[in-house]
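A.B. asks: Keeping the supplied structure of chain A fixed, place chains B, C, D, E and F upon it in accordance with the hints.
Spelled out from the first residue to the last, the chains are:
There are 6 protein chains.
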Amino acid sequence: MNQSTNTQSLISLLKKTHNAEWEATPSSRDAIRWLDDLVQFLFPSNHLPKSSAYEGILKKNQIDLENILLSYLEPSGIDITGVVADFYNSLEGIYQNLRLDASKINEYDPAATSVNEVIVSYPGFYAITVYRLANHLSRLGIPVLPRILSEFAHGKTGVDIHPNAQIDVPFMIDHGTGIVIGATTIIGKNVSIYQGVTLGALQVAKDLAEIKRHPTVEDNVIIYARTTILGGDTVIGKNSVIGGSVFLTKSVEPNSQVFNTHQLRILNRQEAS
Amino acid sequence: MNQSTNTQSLISLLKKTHNAEWEATPSSRDAIRWLDDLVQFLFPSNHLPKSSAYEGILKKNQIDLENILLSYLEPSGIDITGVVADFYNSLEGIYQNLRLDASKINEYDPAATSVNEVIVSYPGFYAITVYRLANHLSRLGIPVLPRILSEFAHGKTGVDIHPNAQIDVPFMIDHGTGIVIGATTIIGKNVSIYQGVTLGALQVAKDLAEIKRHPTVEDNVIIYARTTILGGDTVIGKNSVIGGSVFLTKSVEPNSQVFNTHQLRILNRQEAS
Amino acid sequence: MNQSTNTQSLISLLKKTHNAEWEATPSSRDAIRWLDDLVQFLFPSNHLPKSSAYEGILKKNQIDLENILLSYLEPSGIDITGVVADFYNSLEGIYQNLRLDASKINEYDPAATSVNEVIVSYPGFYAITVYRLANHLSRLGIPVLPRILSEFAHGKTGVDIHPNAQIDVPFMIDHGTGIVIGATTIIGKNVSIYQGVTLGALQVAKDLAEIKRHPTVEDNVIIYARTTILGGDTVIGKNSVIGGSVFLTKSVEPNSQVFNTHQLRILNRQEAS
Amino acid sequence: MNQSTNTQSLISLLKKTHNAEWEATPSSRDAIRWLDDLVQFLFPSNHLPKSSAYEGILKKNQIDLENILLSYLEPSGIDITGVVADFYNSLEGIYQNLRLDASKINEYDPAATSVNEVIVSYPGFYAITVYRLANHLSRLGIPVLPRILSEFAHGKTGVDIHPNAQIDVPFMIDHGTGIVIGATTIIGKNVSIYQGVTLGALQVAKDLAEIKRHPTVEDNVIIYARTTILGGDTVIGKNSVIGGSVFLTKSVEPNSQVFNTHQLRILNRQEAS
Amino acid sequence: MNQSTNTQSLISLLKKTHNAEWEATPSSRDAIRWLDDLVQFLFPSNHLPKSSAYEGILKKNQIDLENILLSYLEPSGIDITGVVADFYNSLEGIYQNLRLDASKINEYDPAATSVNEVIVSYPGFYAITVYRLANHLSRLGIPVLPRILSEFAHGKTGVDIHPNAQIDVPFMIDHGTGIVIGATTIIGKNVSIYQGVTLGALQVAKDLAEIKRHPTVEDNVIIYARTTILGGDTVIGKNSVIGGSVFLTKSVEPNSQVFNTHQLRILNRQEAS
Amino acid sequence: MNQSTNTQSLISLLKKTHNAEWEATPSSRDAIRWLDDLVQFLFPSNHLPKSSAYEGILKKNQIDLENILLSYLEPSGIDITGVVADFYNSLEGIYQNLRLDASKINEYDPAATSVNEVIVSYPGFYAITVYRLANHLSRLGIPVLPRILSEFAHGKTGVDIHPNAQIDVPFMIDHGTGIVIGATTIIGKNVSIYQGVTLGALQVAKDLAEIKRHPTVEDNVIIYARTTILGGDTVIGKNSVIGGSVFLTKSVEPNSQVFNTHQLRILNRQEAS
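Chains as they are written, first to last, in the numbering used here: chain A, 1 to 273; chain B, 274 to 546; chain C, 547 to 819; chain D, 820 to 1092; chain E, 1093 to 1365; chain F, 1366 to 1638.
These are computed hints drawn from the structure, not numbers from a lab. Since the model is a prediction, treat every value here as computed from it, not as a measurement. Please note: incorrect hints may appear among the correct ones.
[Unchecked claim] Calculated pairs, DSS-like style, for lysine-lysine (alpha carbon to alpha carbon, straight line, at most 27 Å):
1) A:Lys104 / A:Lys238
2) A:Lys238 / C:Lys702
3) D:Lys1057 / A:Lys16
4) F:Lys1554 / F:Lys1521
5) D:Lys923 / B:Lys323
6) B:Lys288 / F:Lys1381
7) D:Lys1057 / D:Lys923
8) D:Lys869 / E:Lys1108
Next comes chain A alone, as it looks inside the complex (with noise of 0.2 Å):
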């Protein structure tokens, strides 16, 4: 067999694949331009645009998220139009949100200096940001796009939050790397997380997608580095604070404090050989 025999046999391969799948997806580099270009506008990190560019800066994003939608959505009935006007008119809300995020951010870890600090440096914050942006078009009913952007920051911050998940205002996570938050969970308001914390579900099956499989965080939480909390019926009750480490998989009652217990062995090393 030589090689031009297999080549042609992958080409046909490719371009039978290709054809079948191409329309149902936007283009992911368009996806992650329009997320850069709206990050910047909210949270400028390189140049300040002139007063009086502001409103079409703001028009232009409009028009490109329009674009990436009709791209793969034309033929799905969603009314592209009115998903646009909402997500713009609800973006006030969700600057104001992430304002608080960064402000409990600032107000808690001892290493921030001050909030612009959090803004432009701190990868938790940006993972925030993509989530609640996610989390609205996600809400307004749009597929796979909502995917593109959270893994693009999961790609850039190490933090996982699928965009299906529910997290109320203000939400802080510091260190971020490892953290996963699963599409069913549920955070209250004023909770913390530290770096590998996991969220997840008990079991993983395809036929659970319509059920509720991540845990409940209520109000006032703080779940410390490592911890992971596992099942759709685990709450944890409001005002806990759940150690490093931890492996949870039942509900606690609010104002829990939980530790991990495990033991360790400790030897002379001289021992130890």
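C.D. replies: Showing chains B, C, D, E and F alone in chain A's frame:
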């Protein structure tokens, strides 16, 4: 001691080091461009080429790989033409395996809505894609380049799969961040792995380079989030399910189910303070 | 309420906020470009400059740093010229330390095949590189910029080292993803850290900003994957080995070996269901 | 006098000038990007958009124009929304005129092999395209931008058509370089012009700004290469042919044929030296 | 008539036209990138490739040309593989001719200080380079692409040489702007041409496409600035010198010297007004 | 003879030539980037820098020039540091001259509506800008770079001013395309030149390199379009007006007015055919 003295001394040092080391590595920028082009060719997420352009794009990709290999391996005695031909001859097989991987993810993950969504947005799928390409290069005896590719995917997704690992088809990664799969790991068919799983070595020492140091995972195994499995003699028997946050350094029988039995201490916060 | 009312209100809000906050931060794009140029200068992975160009490249990099600092620190009273001169005077020392780091990684990691491979492909080495540069800026009293640099490296590698941490030479990170090293951590010579390790605070509260909240790790310590060590008074004595998935909030003596003693429950899946 | 004194003085001067003049001009980079997008939309030479994308591309182009105009005309009292609407309402007519221009070039030029070749490769056609767009903006009362567009086309093609000139349809330019068509020129239907032709003013003085200073060329006229026709009262009657290298400052009747009668002296080089 | 009616009508028109015409032309962007790469390969003005990279760069350039040709000529029956092979087989000859051209320019132009300066800075030399490449493609029967290349050079330099012209070696152009050399021109060895020279047709009409319409210039002729020579039967005999601003439509004998005998009227400005 | 033989032979030839010639020229890409930065600094057409950034931008531009000069002049013995200091010390004077040039264009051209329009859109003004910068470098003894700059401007505007020409202030170019001003030309104050004007040499021969070969134009002269003035002894006396399409090889007295007296033959086309 003034500045220019220091600067001159740094520059002398750099020149000496650079000249000595330079010839042994490919341009990482060229390597990543080649990878991007190839992944876009297999799974186009931005635009579909004209039907007549497929063959030319593939040919160009082939020349790019050949040029990258020539740039640092010419004096090595490796048969570069042969390696390149073999790689592209194998590409159809790799592509078919990747489609099986994507289908499996879609089949198991309740959050996935289509194979397409998996392909365009799942970091886990991207990591598997880069692994299968880098692994083939590695098996053809190519040094350095496979690591550049796999570490690029690692940076982008948080999934660190050494190109020398052996992973059968289909293979599923969900959420991805924090997964480590060591160089001598062997993974069977139809295995699923969640975020934060390590398949690692018990000890790390240079003189172990030639020894199997990482586990074997047999067919149909599921390993939930944050579990650590260590050791070259550790075998996870087929059809087993390893729960989340487990720490395993010994083999388990086929058909086992392994649970973490962490004890937690739960106090009312009044008591706790 | 129609769309343009909402939009106008958002725009007014943005203008007010942006003008108030704008002056206090550098352009993140300029900051990252400067970092990229400097890292490529020290460890060229794409092409080697002409021998006669080294001095000019360095001078240009110096002007770029000076311009970045001027853009947000001019009214601060910081002696920017002095800071820049000191930074470039110290660069040779930083470079020599980084070569020691790279050599150690190559020496210990059985998967590494050369120092060059480490330099061009290891995310852990990249994270250390950015840390050593950001740390020096931080020690010179520069705000914000060091965080932008370290969080950029965090996003790229999953390794979050606060620029204020003190880390001696050589230092080794392997696999990297999910490592967190807090602002007041002190790490001695010849320490090795694996993926998922946290060196963190026991509690997080803003009024602790001036207090040592993160551990001290003495010389020749190895900390394996997913281990969490918390607290400003926690000291890991020299020559100790801390096993994987350990959760430590107390000091250990020099020469200790610490094991995780998790109990697992292992069932046959027939029984389990 | 040392260097920094000079530099400081230059910088003060620049700041004063820039601030005074800045508000009155659009970004030339934005202007040219807008033009490129629009020309690519009308005459795509790189790739064809999806059928469903046409409308969105046009809408985006419209926002871009609006933003450019707002950036320097907001305080002018010009009805920018109205101007933009009128421009895009007229675009179909402009496009149809341009196709007539291209067809005529293909019909007359023996070197052209298809209308397509004319559209993708003829600088003369590009110059006419930019003229028809800039002229429409100019007629809508827009200052500065039309000149930026026409001078950009001038730089690219060597054809300098003032946007205020009136040129009927179809119009043919061949070879193009060195053509100058002044601001008050009037050109009828079906006129052809070759390289190096000037339709200029007899005298140049600022107080002539409001007066017709450039010629009128009636329908069906051909003007061959390097001919100069000057003066606001000069009328080239319909159906005339003006030969190459003619210098004309007076009107000619309809149906005229005008020749250059240069005398040449021809010597044998033996005699000449 | 409202705006969207107009816009819809334009869009329908564009779609109809684009679909009909699209297949017959290459991407001009790809064409120009290919040209830039090839010219940089022959006359590098930015950096020198590694010695081992030359062959790969050339191979890649070859694939790029093949892909461009395939994109619009696949159904044409042209032997694209053969054309590409022939082109690259002839490249050494073209390169040697271009070096002779550059040497001649340096030898004759008192303003040139080295062959290198000619190669990196002379637009005339750039125009000859593109002509020799485009001409070879044209001789191999390739349509459209040679015109895209030559009109790109025309835009960049003001020198318009039709790719079908026949120009022997060496050939010298100085100052360049405004030169037009028609499709059926024949130019001998060692000819020099200055700015504004036209070698054109006496009449322009489509049915002349198959006839020689442009002059023949024999060996060792010099044609000074702004001279126009017209007609397919016009032959400038060898060793002749044609002065500046001459208008010639008839042949001249070998060894002739032709002068312009313009009479000027010179007045004192007092008298003149 | 097969293809690879030919290719190998070309590659050998290129390597030999490139290595021999390479060291003597700067990167044209770097040169043009430096020029663009400097022109944008003097005449910003895209965005205004922060007030505090001016000094840094200028310093960076200075380093860029120094690096370009070092890249090809290091072994030349030229005092590069001195040249760079002198150039930037003179920049304020050059800038003031350029503002006088722009004011004059605005004052004389009835088509200009403001100095700003001239600065952002007139190719003639761009050509003068590049000339004044290149000329200063040339006077400081810098080879090659000034030609790269002036030929870049030539390509962009069709105006070819040799950097060694001496042109006083103010100087006005309108329409520009096709202007040639030779290396030994001397132009006085307040001179205006229109499209297609050549100030050239009577004869072109290498051994004239050291001799004044191009005309002298005294103060307050106007030279209209397409006029050619040749010869190193030709002096256009002050206050003269030279009409369009004149061909002059002798001096004219101050206060002269020179007309073209071309005779035309005008026929009715009936007669003519």
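A.B. asks: Taking the hints in turn, state whether each one holds.
C.D. replies: Each hint tested on the structure:
1. A:Lys104 / A:Lys238: OK: A:Lys104 and A:Lys238 at ~18 Å, within 27 Å.
2. A:Lys238 / C:Lys702: Given that 27 Å is the threshold and the Cα spacing comes to 35 Å, the pair is violated.
3. D:Lys1057 / A:Lys16: With a Cα-Cα distance of about 60 Å, the restraint between D:Lys1057 and A:Lys16 is violated, given a limit of 27 Å.
4. F:Lys1554 / F:Lys1521: The hint holds at about 25 Å.
5. D:Lys923 / B:Lys323: With Cα atoms ~31 Å apart, D:Lys923 and B:Lys323 exceed 27 Å; violated.
6. B:Lys288 / F:Lys1381: 25 Å, holds
7. D:Lys1057 / D:Lys923: 18 Å, holds
8. D:Lys869 / E:Lys1108: Given that 27 Å is the threshold and the Cα spacing comes to 13 Å, the pair holds.
Of the numbered hints stated above, those contradicted by the structure are hints 2, 3 and 5, listed in ascending order.
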